[in-house]
Structure formats: structure tokens, C-alpha cells
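*Asks:* The task is simple: from the sequences and hints, build the whole structure.
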Amino acid sequence: MYTDEKSHPHQLRQNAIAALKKVIDPELFVNIIDLGLVYEILFNEKSVEVLMTLSTPHCPLGDAIKNGVYNVLSEVFPDREIQVTLVWEPAWNPDMMTGEGRKELFEG
1 MYTDEKSHPH
11 QLRQNAIAAL
21 KKVIDPELFV
31 NIIDLGLVYE
41 ILFNEKSVEV
51 LMTLSTPHCP
61 LGDAIKNGVY
71 NVLSEVFPDR
81 EIQVTLVWEP
91 AWNPDMMTGE
101 GRKELFEG
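Taking full-length UniProt numbering, the leading residue of the sequence shown gets 1, the next gets one more, and so forth.
FYI, nobody ran anything at the bench for these hints, they're computed from the structure. One or more hints might be untrue.
Computed cross-link-like contacts, SDA-like style, restricted to lysine to any residue with a CA-CA straight-line distance of at most 25 Å [what the hints assert, rightly or not]: (1) Lys66 with Tyr39; (2) Lys22 with Val87; (3) Lys21 with Pro94; (4) Lys66 with Leu86.
The structure displayed is predicted, hence computed values, not measured ones.
*Replies:* Shown next as C-alpha cells:
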């Protein structure tokens, strides 16, 4: 899945998103992309940084989610340092979910 950032930046991002869709919030049972928890994915030659939030600042399974992000991205980008940064602004709310996320959560 690894691609060269300079020649395929869109593919690099798509690979990261596909990997992050494997990380499921263990309380809500929806992946973190469709929940809208991932705000940004930043690439440089040596690293991938994910700026994300949790559904609440005191999420009891926050470490499990962060570890999941680290693990899936380490598989896709083995030659890069993986950084997972939690941010609290803007605060997450259900309006940040994708249509698919809403469907899974509310109709699931």
C-alpha cells in the first residue's frame, strides 16, 4: 500500500483513510473516520501525524483508540514515525459524523 508522497499525495491520504476506517470506537461500534473523530492527517518525508479527538475528553477507551490508530498506520507506513495527537477544539459532536456513520450508529 505504500506510495511515494511526492508523486501520489492523494493515494497516500486514501491509504491512511482506508487504514483508519479499521479503527472502531469500542463504545459506539463505528469507525473513527465515519464518526468524524479524525480532523487532519499530515504527511512529511519521515512521519504521519493524525490530529483527532475523542467523543468525550474523558473517554475511558481513548488509549485503545489511539493505539489502534498507531497500529494500523504503522502497518501501512512502516518507514515513517506515527504520531497521534489528541485535540479538543473543536469539540466533537454528532454533526461531525458522515452519513454512513450516522446510519451505523442510529440505525445499526
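*Asks:* For a C-alpha distance cap of 25 Å, please report whether Lys66 and Leu86 respect it.
*Replies:* 9 Å, holds
*Asks:* Can the restraint linking Lys22 and Val87 be considered satisfied, given a maximum Cα separation of 25 Å?
*Replies:* 21 Å, holds
*Asks:* If you draw a straight line from the CA of Lys66 to the CA of Tyr39, is it 25 Å or shorter?
*Replies:* 14 Å, holds
*Asks:* So if I understand the rule, the pair passes when the alpha-carbon distance is 25 Å or less; does Lys21 with Pro94 pass?
*Replies:* Answer holds: Lys21 to Pro94 is near 17 Å, not above 25 Å.
In terms of the numbered hints stated before, the structure departs from none.
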